[in-house]
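As a plain string of letters, each chain reads:
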Amino acid sequence: MAKNPEHRDLFPGALEIMILQSLRLKPMHGYALVKHIKAVSDNLLQVEEGSLYPALQRMLREGWLESETGTSAKGRPTRIYKLTNAGLRHLEAEVVSFEKMFAGITRVLAVARA
Amino acid sequence: MQILSRIFDRRRRYDDLSVSIQEHIELRAEELMEEGMPRTEAERTARREFGNVTQIKERSREEWQWAWLESILADLKLVLRRLKKSPGFAATILLTLAIGIGANTTVFSVVNCVLLKPLPYPNSGELVDLSLNAPGAGGLASFASGLQLSPSMFLTFSENNKTFQSMGIWTSSRSNVTGVGQPHQVNAELVSDGVLQTLNVPATAGRWFTAADQDPRGAKTAILGYGYWQRRFGGDRGVIGRSIQVDAQTREIVGVMPRGFRMVDNDFDVMMPMAIDRSQLRLAPFGYSGMGRLKPGITPAQASADVARLLPLWMDSWSNGPGTNPHYYERWLISPNFQLLKKQVIGSVSNVLWVVMGTVGLVMLIACTNVANLLLVRAESRQQELLIRSALGAGRARIARELLVESVTLGLMGGVLAVGVAYAGLRLLTAIGPADLPRLSEISLDGGSLLFALLLSVFSGLFFGSIPVFRYARARAATALMGNSRTASASRSRNRSRNVLVVAQVAMALVLLVSALLMIRTFAALRTVDPGFSDAAHVQTVGIWIPDLLEPDAEQVTRTQNEIAGRIAAIPGVTSVGFAGGVPMEGFDPNWDELRVEGKNYEGGEPPLMLFNYVSPGFFGAMGTRIVAGRDFTWDDNYNLRNNVVVSENFARDSWGSPAAAVGKRVRQFTNMPWQQVIGVVEDVRQHGLDQPAPAILYWPAMLMSPYTRPPTIDGPRAVRFAIRSNRAGTEGFLHELQQAVWSVNPNLPLASVQTMRDFLSKSLERTSFTLVMLAIAGSMALVLGVIGIYGVISYSVSQRTREIGIRLALGAQKSELKWMFVRSALALTGAGVVIGVCAAAGLMQLMKSLLFSVSPLDPVTFVTVPLVLAVAAMVASYLPARRASAVDPVEALRVE
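In the order they appear, the protein sequences are chains A and B.
Here the first sequence stands for residues 89 to 202, where the numbers follow the working numbering.
Here the second sequence stands for residues 36 to 932, where the numbers follow the working numbering.
Calculated directly from the structure, the hints in this document are not laboratory data.
Careful: at least some of the hints might be erroneous.
[Claimed, not checked] With a straight-line Cα cutoff of 27 Å, these simulated DSS-like cross-link-like pairs (lysine-lysine) come out:
| hint | chain 1 | residue 1 | chain 2 | residue 2 |
| --- | --- | --- | --- | --- |
| 1 | B | Lys112 | B | Lys378 |
| 2 | A | Lys188 | A | Lys126 |
| 3 | A | Lys170 | B | Lys635 |
| 4 | A | Lys162 | A | Lys126 |
| 5 | A | Lys114 | B | Lys152 |
| 6 | B | Lys884 | A | Lys123 |
| 7 | B | Lys635 | B | Lys700 |
| 8 | B | Lys884 | A | Lys162 |
| 9 | A | Lys126 | B | Lys884 |
| 10 | B | Lys330 | B | Lys119 |
| 11 | B | Lys884 | B | Lys798 |
[As the list claims (entries may be wrong)] Just a sample of chain A residues kept apart from chain B, beta carbon distances all over 12 Å, derived:
| hint | residue |
| --- | --- |
| 12 | Ala120 |
| 13 | Leu148 |
| 14 | His178 |
| 15 | Ile193 |
Beta carbons: idealized from backbone N, C-alpha and C, even for Gly.
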């Protein structure tokens with residue numbers, strides 16, 4: 089099950105942020121999440137199923153997400169994941185710290201290049 | 036609560052997960068179909084893209100689990116299910132382990148309580164025993180723990196040392212208590228100032244002795260032991276201030292010591308101040324145990340050096356009376372040999388205990404190898420399963436973990452059973468163990484023992500589990516699934532681990548059997564030793580003491596003893612009676628002093644010390660000690676003070692060449708004393724136990740002129756032990772009549788430590804018989820386990836080689852040859868084990884030297900017998916499966932798949 093290194097998660101927490109951010113727009117099921125992230129990132133980011141499902145369970149455990157039982161248009165059982173208030177707070181905090189980190193990295197790279 | 040709800044919640048989470056993943060795959064498949072892919076291909080592609088569903092599910096679920104713990108629990112469930120399926124296998128292993136771990140826990144409890152735990156006093160590491168080395172003092176220093184202190188030594192040491200916080204001397208005796216119920220004897224301790232301060236345990240009621248109590252002209256006081264206080268006074272706190280009569284002396288009870296407080300290793304009833312009278316002190320006598328509490332940071336060696344420089348001061352400060360040379364003792368070469376009190380308490384028993392501990396440890400190792408062997412066989416039958424699992428991606432660690440979970444589970448289950456075994460074993464051990472085992476009362480199954488059992492369970496589980504792990508966890512798919520059933524015979528490497536185990540087992544069994552047989556030979560050798568008295572079971576002994584306050588006149592004491600002897604002789608069934616200062620193997624020597632033989636010159640002018648006993652007429656007859664030459668004392672000799680003595684045969688031979696030549700010769704104690712004529716020679720007596728050489732003994736009459744008073748006055752032992760020969764010895768009725776006979780002379784005389792000579796004899800054999808029993812049990816367990824091990828290996832190899840046997844038979848092999856082939860392989864393994872074992876035993880038996888008697892640690896009989904026994908056992912153990920091999924039907928064997 090060799091993974092393409094191009095598509096690996098950048099660093100811990102990145103996948104979670106992307107999931108939280110995606111679910112902030114609207115509740116989605118698992119496959120929709122994969123497609124959404126892929127589409128929004130212009131195919132740059134490919135979420136591995138092997139990482140997605142453990143990550144979803146982890147986030148459910150932390151209380152950032154909640155799952156909802158539903159039935160799809162075709163009558164199949166489905167599970168929709170949606171953001172909780174705790175998840176929203178976590179996302180905002182993480183985004184702030186990420187932005188700081190990106191700014192820091194950008195500056196360091198700029199100095200190194202000059 | 037949160038944990039519970041999480042566990043209940045879990046099922047819903049797992050459902051959600053399955054639904055999500057199912058949905059994911061189906062949606063993807065639909066997409067692919069929309070792109071024009073046929074349904075089956077689309078579904079397959081979607082699934083492939085998704086990856087390993089089970090693995091992803093598993094990893095997702097782990098988010099809800101304590102992953103590590105739960106997968107171990109899952110392994111555990113599997114293990115238990117498998118064990119339930121083969122109860123015979125489980126029972127064999129558990130029983131082996133329960134006995135092995137149980138035996139080790141039992142012995143460990145004893146070792147821990149006796150050898151390892153500190154003595155029950157505050158800061159007991161500071162306590163030392165004050166004994167002295169005195170190689171020049173002859174037997175006086177050798178029979179007990181070196182030379183003991185004299186009161187004058189104690190005063191000099193205690194007042195001038197620089198290394199002790201406190202020190203004291205003490206001595207034990209039996210005392211008569213009257214005025215509390217019937218007159219009875221109690222264990223008494225006489226203690227000097229400093230003893231209680233040194234032990235530093237506060238009284239539970241009342242107080243310690245004060246300096247005023249130690250004043251010889253002050254008030255007479257006593258402290259009670261806890262047990263005696265409970266038994267005689269019902270634990271009444273009002274006893275403080277009450278009076279008791281101890282040896283006819285009225286004493287006020289001033290304190291009670293707490294439960295569990297012992298004088299070093301003695302349970303005592305009454306403690307009394309020694310009340311040393313400075314003005315009466317001389318250099319001698321040396322009969323007092325000393326103890327001290329070191330200043331912090333001082334070692335016993337430093338304290339010894341400190342006190343060594345005080346010895347000249349001691350000799351300068353005191354004398355043995357006018358005209359004696361106080362520096363005489365320089366010839367004794369006295370030097371302090373202080374050691375930690377604990378070491379002194381434990382004494383030589385540590386030897387026995389470590390041997391026993393080593394022995395059961397070895398049995399445990401043998402048991403573990405047996406269990407490892409069983410597990411190997413089992414792992415072999417699971418080889419296919421293990422290989423499939425590893426082919427499916429289970430890592431080495433994963434498989435190793437499962438095998439180890441199984442073995443540690445077995446170990447722990449065995450450990451639980453073992454605690455029961457240990458509990459029973461401990462009761463058995465304290466029942467059959469030597470009664471003089473120090474700290475016996477402290478032995479219990481405590482937290483330390485349970486921890487030991489737990490650790491032993493886990494480690495033995497890891498140990499016997501790791502052998503199949505090494506063998507199988509690294510088995511890779513290369514050899515995998517190769518269909519080993521098609522190979523004609525077992526591969527060499529497959530049997531190697533089991534063979535090594537069997538060789539180890541045989542070697543260890545050999546060591547144990549050798550040690551057991553050496554002990555049996557020691558015991559047998561001791562049984563043939565003539566103790567110097569006969570028919571011990573029919574010699575009743577009883578101690579009677581007549582204190583000064585009851586009968587001040589020394590001659591009257593002997594007459595009273597004579598009268599008691601007469602009354603006892605009148606009891607029906609008594610054939611003879613006599614008394615003496617002490618009987619053999621009692622653990623008490625009446626006296627040691629110097630003795631001069633007429634016409635003999637002594638190097639340095641001083642003769643060596645010799646053991647003295649004081650005996651009544653008829654004592655030798657009652658004991659069954661043969662008179663080799665001359666005659667016994669008579670009462671007439673006695674009361675007329677005829678200056679007669681009897682000597683032991685070895686002394687007669689040493690001094691005059693033969694027993695007959697000794698009669699009529701003369702000896703004396705000090706040069707200012709009259710000569711004593713030897714009137715008889717008696718056979719040698721093993722005074723200090725069957726395993727100790729018989730000392731030279733001089734027997735004085737029961738009444739004599741004491742050389743220790745000036746002018747010499749009539750004296751005789753006040754504490755004597757009667758020896759009574761009767762077929763009724765030891766019976767209830769006889770003891771009652773004995774008591775009545777004594778009380779008819781004086782109703783205030785109690786009977787002390789009523790024992791037959793056989794009791795003393797078996798006590799002297801106790802340590803040997805205890806070691807023997809332990810080693811014999813361990814040795815037979817080792818033999819049985821070893822035989823089972825050999826049987827298991829041969830029988831397994833027969834079952835594995837059925838096909839080979841079939842081919843051989845089909846090709847015309849003789850059945851007897853086939854049988855021999857298997858027996859031979861068993862003998863080869865045994866032979867290898869024997870060679871290793873003999874070498875190990877030859878080295879290890881040197882450690883047992885001190886426990887052996889007239890048997891060499893390399894005893895040829897033992898070293899020939901044991902290998903032979905093992906070889907025969909191996910042949911029998913392998914013959915049974917070998918016979919099965921020869922009964923194989925070639926047609927059947929070749930058809931078997």
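Going down the list of hints, with the structure as the test:
Of the supplied pair hints, the one linking lysine 112/B and lysine 378/B is violated, its CA atoms being roughly 50 Å apart against a limit of 27 Å. For a cut-off of 27 Å, the pair hint linking lysine 188/A to lysine 126/A stands: about 25 Å separates their Cα positions. The hinted pair formed by lysine 170/A and lysine 635/B fails the criterion: a straight-line CA distance of about 116 Å is larger than 27 Å. Between lysine 162/A and lysine 126/A the CA atoms are separated by roughly 24 Å; this keeps the pair inside 27 Å, and the hint holds.
For a cut-off of 27 Å, the pair hint linking lysine 114/A to lysine 152/B is broken: about 70 Å separates their Cα positions. The suggested pairing of lysine 884/B with lysine 123/A is violated, with an alpha-carbon distance near 84 Å, which exceeds 27 Å. Taking the CA atoms of lysine 635/B and lysine 700/B, the gap is about 12 Å. The hint holds against a cut of 27 Å. About 91 Å separates the Cα atoms of lysine 884/B and lysine 162/A, which puts this hinted pair outside 27 Å; it is violated.
Between the alpha carbons of lysine 126/A and lysine 884/B the distance comes to roughly 83 Å, so the proposed pair goes past 27 Å and is violated. At roughly 62 Å between alpha-carbon atoms, lysine 330/B and lysine 119/B are farther apart than 27 Å, so this suggested pair is violated. Taking the CA atoms of lysine 884/B and lysine 798/B, the gap is about 21 Å. The hint holds against a cut of 27 Å. The beta carbon of alanine 120/A is not kept farther than 12 Å from every beta carbon of chain B, the shortest such distance being approximately 8 Å.
The non-interface label for leucine 148/A is inconsistent with chain B: the shortest C-beta to C-beta separation is roughly 7 Å, within 12 Å. For histidine 178/A, the non-interface assignment is confirmed: its Cβ lies about 16 Å from the closest Cβ of chain B, beyond the 12 Å cut-off. Every CB of chain B is more than 12 Å from the CB of isoleucine 193/A (nearest about 30 Å), matching its label as outside the interface.
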